[in-house]
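**Q** Each chain, written out:
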Amino acid sequence: MPTYIRLRGGVFGLAEDGFTTVADDEVLPPGDVIVSLTRFQADGERLLSEGRQVGVRIASDEAVEALAYDLPQIAVVALEYPKFRDGRAFTSARVLRERLGFKGEVRAVGDVLRTQAGFMVRCGFDAFEPADGSSVEDWDRATRRFRHVYQRAADGRVPAFEARGV
Amino acid sequence: MYRYDTIDREMLADRSAEFREQVERRLAGDLAEDQFKPLRLMNGLYLQLHAYMLRVAIPYGALNPTQLRKLAWIGRTYDKGYGHFTTRQNLQFHWIKLADTPDILDHLASVDMHAIQTSGNCIRNITADPYAGATAEEIDDPRVWAEAMRQWSTLHPEFSFLPRKFKIAITAAPKDRTAAKVHDIGLVVRRARDGQLGFEVMVGGGMGRTPYIGSTIREFLPANRLFSYLEAILRVYNRHGRRDNSYKARIKILVAALGAEEFARQVEAEWEKVGASVDLPDTELARIRGAFAPMSFETLPAVSEAHEAAKASDPAYARFVRNNVKPHKKAGYGIVEISLKTVGETPGDATAEQMEAVADLAERYGQDDIRVTHEQNLVLPHVRLDDLPSVHAALRAAGLASANINLASDIIACPGLDYCALANARSISVAQHIAQKFADPDRAERVGELKIKISGCINACGHHHVGHIGILGVDKKGEEFYQLTLGGSGAEDAAVGQALGPALPYDRVADAVDTLVETYLRERHDGERFLDTFRRTGVAPFKEAVYADVH
Amino acid sequence: MKALTANRLTDGEVVFWRQGQWVERFAEADLFAGDDPAGEAAEGRAKTQVLVVVEPYLIDLVESEGLWAPLSYRERIRALGPTNLNHGKQTEGGAAIAALKHAHGASRSTGRVDLIRRK
Numbered sequence: 000m001p002t003y004i005r006l007r008g009g010v011f012g013l014a015e016d017g018f019t020t021v022a023d024d025e026v027l028p029p030g031d032v033i034v035s036l037t038r039f040q041a042d043g044e045r046l047l048s049e050g051r052q053v054g055v056r057i058a059s060d061e062a063v064e065a066l067a068y069d070l071p072q073i074a075v076v077a078l079e080y081p082k083f084r085d086g087r088a089f090t091s092a093r094v095l096r097e098r099l100g101f102k103g104e105v106r107a108v109g110d111v112l113r114t115q116a117g118f119m120v121r122c123g124f125d126a127f128e129p130a131d132g133s134s135v136e137d138w139d140r141a142t143r144r145f146r147h148v149y150q151r152a153a154d155g156r157v158p159a160f161e162a163r164g165v
Numbered sequence: 000m001y002r003y004d005t006i007d008r009e010m011l012a013d014r015s016a017e018f019r020e021q022v023e024r025r026l027a028g029d030l031a032e033d034q035f036k037p038l039r040l041m042n043g044l045y046l047q048l049h050a051y052m053l054r055v056a057i058p059y060g061a062l063n064p065t066q067l068r069k070l071a072w073i074g075r076t077y078d079k080g081y082g083h084f085t086t087r088q089n090l091q092f093h094w095i096k097l098a099d100t101p102d103i104l105d106h107l108a109s110v111d112m113h114a115i116q117t118s119g120n121c122i123r124n125i126t127a128d129p130y131a132g133a134t135a136e137e138i139d140d141p142r143v144w145a146e147a148m149r150q151w152s153t154l155h156p157e158f159s160f161l162p163r164k165f166k167i168a169i170t171a172a173p174k175d176r177t178a179a180k181v182h183d184i185g186l187v188v189r190r191a192r193d194g195q196l197g198f199e200v201m202v203g204g205g206m207g208r209t210p211y212i213g214s215t216i217r218e219f220l221p222a223n224r225l226f227s228y229l230e231a232i233l234r235v236y237n238r239h240g241r242r243d244n245s246y247k248a249r250i251k252i253l254v255a256a257l258g259a260e261e262f263a264r265q266v267e268a269e270w271e272k273v274g275a276s277v278d279l280p281d282t283e284l285a286r287i288r289g290a291f292a293p294m295s296f297e298t299l300p301a302v303s304e305a306h307e308a309a310k311a312s313d314p315a316y317a318r319f320v321r322n323n324v325k326p327h328k329k330a331g332y333g334i335v336e337i338s339l340k341t342v343g344e345t346p347g348d349a350t351a352e353q354m355e356a357v358a359d360l361a362e363r364y365g366q367d368d369i370r371v372t373h374e375q376n377l378v379l380p381h382v383r384l385d386d387l388p389s390v391h392a393a394l395r396a397a398g399l400a401s402a403n404i405n406l407a408s409d410i411i412a413c414p415g416l417d418y419c420a421l422a423n424a425r426s427i428s429v430a431q432h433i434a435q436k437f438a439d440p441d442r443a444e445r446v447g448e449l450k451i452k453i454s455g456c457i458n459a460c461g462h463h464h465v466g467h468i469g470i471l472g473v474d475k476k477g478e479e480f481y482q483l484t485l486g487g488s489g490a491e492d493a494a495v496g497q498a499l500g501p502a503l504p505y506d507r508v509a510d511a512v513d514t515l516v517e518t519y520l521r522e523r524h525d526g527e528r529f530l531d532t533f534r535r536t537g538v539a540p541f542k543e544a545v546y547a548d549v550h
Numbered sequence: 000m001k002a003l004t005a006n007r008l009t010d011g012e013v014v015f016w017r018q019g020q021w022v023e024r025f026a027e028a029d030l031f032a033g034d035d036p037a038g039e040a041a042e043g044r045a046k047t048q049v050l051v052v053v054e055p056y057l058i059d060l061v062e063s064e065g066l067w068a069p070l071s072y073r074e075r076i077r078a079l080g081p082t083n084l085n086h087g088k089q090t091e092g093g094a095a096i097a098a099l100k101h102a103h104g105a106s107r108s109t110g111r112v113d114l115i116r117r118k
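Those sequence lines, one after another, are chains A, B and C. Position 60 of the first sequence, counting from 1, maps to 59 under numbering that gives the first Met the number 0, and the rest follow consecutively. Position 314 of the second sequence, counting from 1, maps to 313 under numbering that gives the first Met the number 0, and the rest follow consecutively. Position 37 of the third sequence, counting from 1, maps to 36 under numbering that gives the first Met the number 0, and the rest follow consecutively.
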């Protein structure tokens with residue numbers, strides 16, 4: 000089974016990936032799957048009724064708001080980085096967490112690099128499929144790099160403007 | 000001036016350590032160049048023609064003497080003994096070694112300075128009025144807001160990989176010294192009738208390949224809601240700005256495509272959802288505001304005898320005062336502009352010795368305060384008129400007493416093809432040739448305010464679109480050619496210049512500018528600046544004069 | 000004729016290819032005839048040296064009074080240093096630098112062979 004990096008309770012770990020990511024032209028395998036937004040919109044109801052866990056993969060030009068109604072039943076939202084320079088998934092993650100209240104897994108997929116680990120965690124990602132061969136230790140170190148943050152974001156860290164007031 | 004606290008200092012230390020590790024990984028082969036490049040860019044490090052270039056942030060253009068001395072020391076130790084002040088109030092070192100940069104960042108951090116986000120597709124250094132805290136014109140001190148925005152934008156988790164770079168300017172005075180209308184966001188501090196403080200928010204200005212003047216999307220934003228509103232603008236841009244073509248990726252293209260009204264509507268809708276939780280609490284604003292508390296100015300007579308005597312006896316001093324000294328809000332003080340445009344020199348360059356001389360003056364006569372202008376000059380914002388003769392003498396000794404602020408030889412020029420990997424043509428030597436035409440200070444004063452701005456390529460770092468005379472270097476059939484535009488302005492009367500005619504070869508540019516100026520002198524009515532005359536007459540007389548001998 | 004150039008990774012210095020090594024002086028660079036496949040072969044080898052140089056590329060040369068000089072202003076400025084101050088490679092002086100400074104026929108602002116060819 001393939002593995003990916005997961006952040007649970009503030010701790011990074013390597014986890015086995017129980018989900019199969021299925022392309023739109025592939026036949027659905029049994030078990031837990033991650034499908035595209037298009038496929039989810041077509042077959043989502045049926046998939047969810049089959050007693051399996053369902054994840055949805057959101058391309059960087061798709062709006063996560065499209066999932067708003069179904070989020071309580073979705074296990075994973077995989078946000079795609081077609082290139083690491085495409086920063087739209089940072090917004091998608093924050094909207095998922097802070098506005099839509101999504102409690103499931105938000106997974107970074109595609110061109111996912113450890114140099115962005117800190118930003119991803121701050122925006123609410125808690126699962127990562129690194130494309131640069133980085134390890135759990137690399138991600139742990141990268142996200143501990145900065146002792147302070149200046150903004151409120153999805154990770155609940157206390158921003159400087161609040162820390163100073165204490 | 001704002002003083003960094005432990006949090007601010009530890010941010011810089013952590014950032015510096017992070018970059019040191021990234022450089023090590025690059026040198027060890029653990030990071031490929033295409034992965035490393037955006038990381039080094041976000042620390043201001045470019046690879047230019049001859050070496051690496053390090054762009055150091057000077058947030059809102061404010062420096063203290065310790066910082067300026069450190070910049071001088073870095074210039075001497077790691078560069079060739081100088082630095083180049085830019086049109087975004089930053090400083091660039093042009094001869095930097097990659098392997099030295101982690102140490103340089105540590106040295107910068109030791110004086111609360113950094114190169115964070117001086118490049119990359121993120122929120123860049125905030126531009127602010129260089130006369131902040133000194134001019135009587137301002138409604139509020141824009142540095143308070145600029146510093147708060149510096150912190151908010153630093154390593155912003157959501158907005159560090161935007162479609163393209165993002166530049167914010169803020170001014171609180173009716174006379175705009177920040178080019179706010181050609182920034183991605185231009186903020187103008189306003190006071191409502193009931194006394195409430197707020198901002199006029201302009202979005203979508205910019206230069207580059209397709210210049211736009213910013214559109215006002217909100218006449219009055221209550222000051223305490225600034226950050227939620229900024230988040231809303233940035234979020235709409237991050238989601239909907241184009242990413243398929245880097246020339247169409249700036250926010251100006253999105254605003255133009257949607258129309259300012261529709262863009263504003265989307266921002267307002269997003270803003271409602273953002274809510275106030277990202278806004279700065281009043282306590283934090285008060286803390287930052289406290290750092291910019293008014294200086295302890297002396298109560299002085301409006302007229303200084305020493306100053307008046309020097310004006311009467313020394314024509315060079317009188318000229319300096321006429322052009323380089325601006326009114327201060329306190330009687331007996333002046334705002335002193337230090338020109339980095341000495342005829343024959345490189346616009347914006349200062350040697351290490353000159354930086355140290357300015358640092359000494361700020362310490363001795365200037366309340367430890369130094370500013371950088373977007374027109375690539377320096378400012379001592381608080382000088383007693385009694386001390387002005389001494390300041391002028393010291394500037395003269397340092398080769399910094401050119402009395403040409405806002406005159407024809409006060410030219411903005413990007414580094415151009417002499418240094419920059421993007422340039423098509425040289426800028427510096429064109430500026431030098433033009434400045435030579437106005438080396439006679441009497442002639443320069445007769446011509447009056449004239450903003451000449453030169454860019455070596457369409458990226459427009461030299462702001463040519465908003466020059467009264469704009470000059471753009473192009474590559475035409477393999478030669479350095481220059482397109483001239485007239486009538487642009489980056490000030491409160493912002494406008495994009497209008498093309499004069501076919502591009503001119505390198506060796507005809509200075510003569511053409513001379514002809515334009517002669518045409519203006521012939522056509523002008525009393526009290527008109529070059530820009531005013533152009534706006535009245537249109538391009539015709541200028542075009543005719545420049546191209547008359549071509550046919 | 001062509002030469003192969005790049006910037007050195009550690010310090011950004013402009014360097015030229017000479018028999019598998021990188022030298023700082025244009026005068027010492029290997030020259031490749033326009034149709035000589037050795038030029039592209041060298042470029043291919045150089046591109047694998049990712050820990051030595053950044054972005055190597057071939058440049059066009061032009062003959063001026065018996066001397067080969069980079070065709071473009073850009074590449075002449077890279078080979079000599081900036082024109083506003085005498086503080087680049089030109090400070091070394093000597094006959095080769097003087098000859099390069101006075102070479103005629105500078106043209107295209109980008110002398111990059113690969114860029115031009117793509118047009």
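What the hints contain is simulated information worked out from the structure, not anything from laboratory work. Predicted, not measured: the structure shown is a model, and the values here were computed from it. Be aware that one or more of the hints could be misleading.
As the list claims (entries may be wrong) - Pairs of lysine-lysine, DSS-like flavour, derived with a Cα cap of 30 Å: (1) C/LYS88 / B/LYS475; (2) B/LYS436 / C/LYS100; (3) C/LYS100 / B/LYS475; (4) B/LYS79 / C/LYS100; (5) B/LYS476 / C/LYS100; (6) C/LYS88 / B/LYS36; (7) A/LYS82 / B/LYS247.
Said to hold, decoys possible - According to the in silico footprint, chain B covers these stretches of chain A (three or more CB under 8 Å from chain B): (8) 18-27; (9) 39-53; (10) 110-118; (11) 144-154.
Unchecked claim - If you want a taste of the chain A side facing chain B, the calculated C-beta under 8 Å gives, among others: (12) GLY9; (13) ARG98; (14) PHE101.
Each residue gets a CB set at the ideal place from its N, CA and C atoms; glycine is no exception.
**Q** Take the hints in turn and mark each one as holding or not.
**A** Structure-based check of all given hints:
{"no.": "1", "hint": "C/LYS88 / B/LYS475", "result": "27 Å, holds"}
{"no.": "2", "hint": "B/LYS436 / C/LYS100", "result": "26 Å, holds"}
{"no.": "3", "hint": "C/LYS100 / B/LYS475", "result": "22 Å, holds"}
{"no.": "4", "hint": "B/LYS79 / C/LYS100", "result": "22 Å, holds"}
{"no.": "5", "hint": "B/LYS476 / C/LYS100", "result": "22 Å, holds"}
{"no.": "6", "hint": "C/LYS88 / B/LYS36", "result": "26 Å, holds"}
{"no.": "7", "hint": "A/LYS82 / B/LYS247", "result": "18 Å, holds"}
{"no.": "8", "hint": "18-27", "result": "violated (count 0)"}
{"no.": "9", "hint": "39-53", "result": "violated (count 0)"}
{"no.": "10", "hint": "110-118", "result": "holds (count 5)"}
{"no.": "11", "hint": "144-154", "result": "holds (count 9)"}
{"no.": "12", "hint": "GLY9", "result": "17 Å, violated"}
{"no.": "13", "hint": "ARG98", "result": "6 Å, holds"}
{"no.": "14", "hint": "PHE101", "result": "15 Å, violated"}
Hint compliance for this structure: hints 8, 9, 12, 14 are not met, and every other hint is.
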